[in-house]
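Sequence lines, in order, name chains A and B.
First residue of the first sequence: 1, per the working numbering; consecutive thereafter.
First residue of the second sequence: 1, per the working numbering; consecutive thereafter.
Just so you know, these hints were derived from the structure itself, not from any lab.
Incorrect hints may have been included.
[What the hints assert, rightly or not] The calculated DSSO-like cross-link candidates involving lysine-lysine, where the alpha carbons are at most 30 angstroms apart (straight line), are:
{"no.": "1", "chain 1": "B", "residue 1": "Lys-116", "chain 2": "A", "residue 2": "Lys-108"}
{"no.": "2", "chain 1": "A", "residue 1": "Lys-57", "chain 2": "B", "residue 2": "Lys-65"}
{"no.": "3", "chain 1": "A", "residue 1": "Lys-108", "chain 2": "A", "residue 2": "Lys-57"}
{"no.": "4", "chain 1": "A", "residue 1": "Lys-126", "chain 2": "A", "residue 2": "Lys-155"}
{"no.": "5", "chain 1": "B", "residue 1": "Lys-116", "chain 2": "A", "residue 2": "Lys-155"}
[Said to hold, decoys possible] Which stretches of chain A does chain B cover? Using the computed rule of at least three CB atoms under 8 angstroms from a CB of chain B, they are:
{"no.": "6", "segment": "80-86"}
{"no.": "7", "segment": "165-172"}
[To be verified] FRET-style restraints, in silico, Cβ to Cβ:
{"no.": "8", "chain 1": "A", "residue 1": "His-86", "chain 2": "B", "residue 2": "Arg-90", "range": "26 to 36 angstroms"}
{"no.": "9", "chain 1": "B", "residue 1": "Gly-159", "chain 2": "A", "residue 2": "His-11", "range": "18 to 28 angstroms"}
{"no.": "10", "chain 1": "A", "residue 1": "Lys-16", "chain 2": "B", "residue 2": "Leu-86", "range": "49 to 59 angstroms"}
No residue lacks a Cβ here, since even glycine has one placed at the ideal position from N, Cα and C.
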Amino acid sequence: MSALLSVSDAHVSYGKVEAVRSVSLEVADDEIVTIIGANGAGKTTLLNAIMGVLPLKGATAFAGTDMTPLDIEDRVAAGLCLVPEHRELFGTMNVEDNLQLGAFRIPKATAARSFERVYTLFPRLKERRKQLAGTLSGGEQQMLAMGRALMGAPKLLMLDEPSLGLAPIIVADIFRTIGELRAAGVSVLLVEQNAQAALKIADRAYVMELGEFILSGSAKDIASNQRVAASYLGFQHEGASGI
Amino acid sequence: MNTTIMLFLLQDGITNGAIYALLGLALVLVFAVTRVILIPQGEFVTFGALSYAMLATGQVPGTAKLAMAMGVVAFGLDLFEARRSLRLKRVARAFALNIALPAAILALTYGLAGPKTPIAVNIALSLLIVAAIGLFLYRIAFQPIAHTSVLVLLIASVGCHLALQGLGLVFFGAEGLRGPALSNAALTIGPLRFTGQSLAVYGLTIAFIVALWLFFGFTLMGKALRATAVNRLGARLVGIRTTLSGQIAFLLASLIGAISGILIVPITTLYYDTGFLIGLKGFIAAIIGGLVSYPLTAVAALLVGSVEAFSSFYASNFKEVIVFTLILPVLVLRSLAAPAVEEEKD
């Protein structure tokens, strides 16, 4: 399998503080990869830097092309999509408009098919399509954020803490949907504090601590690793409700 | 005061108010998309009006050359910004927009300007010139600092206003100009006489408001502009270029400004610095609308126009004072209604 996304020796800094140090990772086609780690480990920073929201020092390639000179909008057009931690929805616009804007970079005919796909994946959004995004519940907003990203028919979807602040039953629903994306030909790079749920659906995993990857391997191996079990899986409950 | 005078004043107020409404809407639009408080809006009015008036006398206005010069600067900025990845396609696109477009406008102006040029052609030329200036103004002055605070943007905005006003003096001189009316038709209803010009003001204002409503409510580009206003990061994450949104906002604002100018220059004599005061009245309407609400801004503009008309009848020396005092109770009410919020960071 060829690498869809490859990042090598990436550094991200806020001023003089280096939040991500010498990180390398790969995501292959039709793969679900997760990055787990505690609060403040640098996971969100890394995702934002891959998307181009923050400047990244190092090499990033997507679908065989160098992404370094591209800005966010070009990366979106290339098929890379981020669902950010704070979702960044268009709160005063309705669900349908939010989704339509998700398809801003793709032709109209394709957008019609994307609508169908997203509404099948999230029937709830279809029911609420005339409601303002800002008035949706947390779970619905997360669905809308994912739906909006999927409207652009991305090759790789990067999800930042999709379970954040959601009720367990909705979290289960969201994770089931993430699992279904693979069948639809979308690769996923998932950042989660809810390590147990993330490792269950992922193929491979990286463990991040203080800005560095300390472990990587198949999700199964990582889940059975003693250190991971002690640090992340043992404190599952705090992890799930943490902010 | 009798009913006839009152009707006259009301008619006058509504005609002016319609112009203020157009300008207020443009201000709200630009602020929502770019967070720039567009002080140079008044210069778009004068540039549009006086370019039209000069073209009507058969002369080529200096604004056409200004558009060309600004295009060259914008091209330089584009090249400098893309210096690390100079692809031919990118350079060609920048050249087409920044050099070829204003050059074509300049050539058209030289080619078509003359004492016998039809009014419609003169209007089209003035609109093209001012639209290009608006577009390049965003590229040169605001795009490089788009991420800074509202205050920095406001300071740049005041700077642009002063610079453009000075250029206006160079181009048009200190003498006032008037332009030919769009139509000499007139219509009398009861005691009121509606000139073709004032009917054009009403018609165009309503047409513009409807067009803006359709654009923002129903087209993908309009929705993208609104999305940029609601959430800049969200807009970028779906692939909407915020610089493009800013350019479109400035393009629309300069067009609206120029149209307002062309509508009023047959009614009143305009000087190179008249636009500022007119723009400020649109600004008052926009502030009453909280810089967010389009309908409230339009209604407030009619109110500003009417207050101006009545105060110029009763106390003409104080007419500006009375109009600008309108803003005080509104600001007091708004600050009482909404607690102070810190400016959101991008």
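Hints, one by one, checked against the model:
1. B:Lys-116 / A:Lys-108: violated, 46 angstroms
2. A:Lys-57 / B:Lys-65: The given pair, whose Cα atoms are some 44 angstroms apart, is violated under the 30 angstroms limit.
3. A:Lys-108 / A:Lys-57: violated, 36 angstroms
4. A:Lys-126 / A:Lys-155: Between A:Lys-126 and A:Lys-155 the Cα gap is close to 24 angstroms, so the pair holds against 30 angstroms.
5. B:Lys-116 / A:Lys-155: Distance of about 60 angstroms is beyond 30 angstroms: violated.
6. 80-86: Our answer is that it holds, as 3 residues pass the Cβ test (under 8 angstroms) against chain B, meeting three.
7. 165-172: violated (count 0)
8. A:His-86 / B:Arg-90: 26 to 36 angstroms: holds, 32 angstroms
9. B:Gly-159 / A:His-11: 18 to 28 angstroms: violated, 38 angstroms
10. A:Lys-16 / B:Leu-86: 49 to 59 angstroms: violated, 32 angstroms
Of the numbered hints listed earlier, those contradicted by the structure are 1, 2, 3, 5, 7, 9 and 10.
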